[in-house]
Every structure is written in C-alpha cells, then in structure tokens.
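Quick mapping for you: the protein sequence lines, in order, are chains A and B.
Residue numbers for the first sequence follow our numbering, beginning at 1 and rising by one.
Residue numbers for the second sequence follow our numbering, beginning at 1 and rising by one.
Note that these hints are calculated values from the structure, not bench results.
Pairs of lysine-lysine, DSS-like flavour, derived with a Cα cap of 27 Å:
#	chain 1	residue 1	chain 2	residue 2
1	B	Lys156	A	Lys276
2	B	Lys156	A	Lys259
3	A	Lys259	A	Lys274
4	B	Lys156	A	Lys274
5	B	Lys3	B	Lys103
6	A	Lys272	B	Lys156
7	B	Lys3	B	Lys73
8	A	Lys276	A	Lys259
Facing chain B, from chain A, some residues (calculated, C-beta under 8 Å):
#	residue
9	Val118
10	Arg119
11	Tyr145
12	Met147
13	His201
14	Met239
15	Ile242
16	Glu251
17	Gln252
18	Phe265
19	Ile268
20	Leu271
21	Gly273
22	Arg287
23	Pro289
Glycine included, every Cβ here is placed at the ideal spot set by N, Cα and C.
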Amino acid sequence: MSNTLVSVVMLCWNRKDDVRESLSRLRESTYRSLEIIAVDNGSTDGTPEMIEAEFPEVLVLRMPTNIGIAAYNVGFEQARGKYIVILDDDSFPEKHAIERMVRRFEEDPELGVVAFDVRNYFSMDDIKAVEEANGRDGDARNERYIMSFNGAGAGVRTNVFRQVGCYPEEFFLYNNELDTAFRIWDAGYTIRSFPDIVGYHKYSPTNRSSWRAPFYYTRNAFWVAWKNYPDGQAASVTMELIFRCFYHSLEQRTWIYLKAMWSAFSRIGKLKGKRKPVRPDIARRLRAPVNINFTFYR
Amino acid sequence: MQKILIIRSAGFQQLDKNMPEIVRHFPDSRISLLTHEHGVQPAQKYRELNRIHVYPYAASFHPRRRVPELAGKSFDAVVVLVANLSGSGFLNVLRFALTIRAKRYYICNLVSEIREVRPADIRLRHTLNLGYIALAGCMTAIAAPFAAAYLLLQWKRMTGRKS
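With the rest of the complex left out, here is chain A (with noise of 0.2 Å):
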C-alpha cells in the first residue's frame, strides 16, 4: 500500500453527532497515511470542542462566522497531502475508498478528481452488501459527454486543484463543484467516478426543500455560465436561464427565481477578472443541465 499522505478536508457548520459519526468513520480508514483538517463555519453547537477533545488527530480550523465554501479553501490550503479527499460534515468514505483512489490517481498523471460514488448513508447496509458480493472494478466513463463531481466525496490532485484556484469563494453555496470542474477539465485533466470507491452522505431531503438551494443553484448557474461558457454558448445558456427563471416562478409560483436572478446580475461586480472561457469541446460536453436547478423546490 502506498505511503503517500492524503488530507482529509471536511466542512464543519452546527452538526456536531454528525461529524463525531464522519471522524470516527475515518479511523476505519484502511488508508493510514492521512492528515484530517475540519474547518468549523462558526459552529454555535460546540462542534470544535467536540473534534478537539475527542479527535486529537484531527486539525480543526475555526472560521469566526459561516463563510460559505470559501472556508473550504482555507482548508485546502492547509492541506499538505499530494491528494486531497473532499467532505462535508454528513458524509464519509467508505473505508477502502481511500486506498483505491490513491491507487486510481497513481495509476493515470492526468486524473484530476476521483468522483466518489455519494450514496445515501440510510441505505449503506444495502449497498455494502451488493459491493461485497460483486466486487466489481472499472469506471463509469463514458465518451459522448464529460463529467463533474459530487462536493460530498470526491479526491483531488492537490497541485490540479490549486492550479485551478480550488472552489469560487464568490458562489457562498452550491454549484461549486461544477465550476471547478469547468477549470480542471479545461487544464487537461479528467474527471472520473469509479463504482468501487464509494462515499456515504446522509441525504437531507429538508435541507434541499429550503429556499438556499434554489437560490444559490440559480444564481450560480448563472454565474457558472458567465465565467466559463465561450461568448456565444455563454448568451444562450443565459437566455434560457432567464426564460427559466420566469417560467418556473410562475409554475411553481414562487419568486425566488427572480431573486436569484436579480442577485445575479446585481453582484456581478463578485466575478470581476473571473471570466475564464474554457475550450469548446469542454463546454460543449461537460454535462451541465440548467434545468435541475428549477427542481430542488416545493
């Protein structure tokens, strides 16, 4: 087994069972080489209390207020391992998902991210004993289109990830990943997801019937469009933003699409010198459906 070390970056905000669950997962880890960094987002619960005094391995990076994903970044500076394994604090690796995506990324320089399979942690039973029982390898590529990943589980090439400034700072929440994964495809590198190396995450279907997730995927998609699209792609995905915008505030009679809209265009001062349109080949494949923003609400 490979040596090199890999660094855990988790995201730490009010979830203190949760994230005593995701560090004592990851002590199961058969991957030994690994250094923890938990960022807290200002937890008000006593989490970093909690990670300090029973996880004196793990190093805890305490953030004054919630900062959003930019808080992340600070932690992937941090970070001192040649890969850097993504969590948030619901989720975990399954324990031999380490040591397979450091073999993966060994194994191919241009791998840039190892998408985790994230399932759901209520079903971890399940899934387990069908992994056990097919033991099956190989890749969920495929050639027609391009993918990105999942900020729940997923393995960085620490210098790839740097090299392309990490996570955008300005998003604050969702859609992140998506323009990361613009940039780390658009540098070269690849994205894949292998189905033996699996990340649990404890899905929270309130979470995703609040009004951040429909606001903060909207604007940013917005957002994501401006900053990497090439001119003309990036004029019609914002004419169907828009229509969609309009059209699913009057569906779901709501106006939080416009909200988004309007935050959008209003803080677009946020992206100055941000504008970085990738290849046409990596805009035209990677797969960036607009309309899944409209589905998180009601």
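Given the coordinates of chain A, assemble chain B onto it according to the supplied hints.
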C-alpha cells in the same frame, strides 16, 4: 408479476432512499431502471433491479428524445423520480414517461411518497404550461435586451481586460 420501470430523473442518493418504498408499493414485481449512461454502473448496485436501460442522450429526459430500446415494450407502471415534493419542474420527464407504454404512471418524491398521475392530468398540466411558456417567453423578450446590454458593459470587467 408486475413490470415496473423507474425513470431516474433524480440523484442516486434519492433513489437509495426511494427504492425500499417503491419495492413495498409494488410487491412481487420486476423492476427496471432507465438512466443516463453515466448512471449505469452505480445502478448496478441495486439488487432490486432486474434490468437497466440506457437513456442514449446527454440531455435531460424529453418527449422528443425517445428511447428506441423501449419502443414496443410495455409496463404495468412507470415511476418518475422527482427531486422535490410536488413534482413541479419535472413536466418534461412526465411527458417523456407518456412516450413509454404503461398502464399507470406515478411520481415518487423526495420523501418517498408515491402518487399516481393520470395521463390526462399530465396533458392538462402541459396545456397550462404552454400558457406559462408563452408568458415567460414574452417576459424574456422584454428583459433580454436590458440583460444583454448590461452584460456587455460588464463583460470586459469579468474577463479582466482593460476597456
């Protein structure tokens, strides 16, 4: 034995949550799944699935993008996964579902509630949505020139080029 087709129009984490409820709702059935190509391997982890069909397009489900593999097949029920409570925003998938021959159509939502939707209701919603589309189209036509002009002014700032 009933033949059930699930259309995977939501993430696997949701399907993980929905699958036990679907199995309970349709006991003694042979369940197939229709998924985009990238979903085939993750889908193979479900013991409940009898067969996986590939949606042979990168784009979202749409009635104009039919699946040749399913032509001529019929099911007792087609279940559309919706990633919210009401199914709003999934009309394209529901209309696509009607291109597949089935006795009944259902939605399974974020919290695993399974509700039957009648084809007539889907068509009625589509008709209503045509009105929304027309209205949204007019609003977009009005807003687009202002949006375009504003973006043109901002474009150079975003690219970091000096004006």
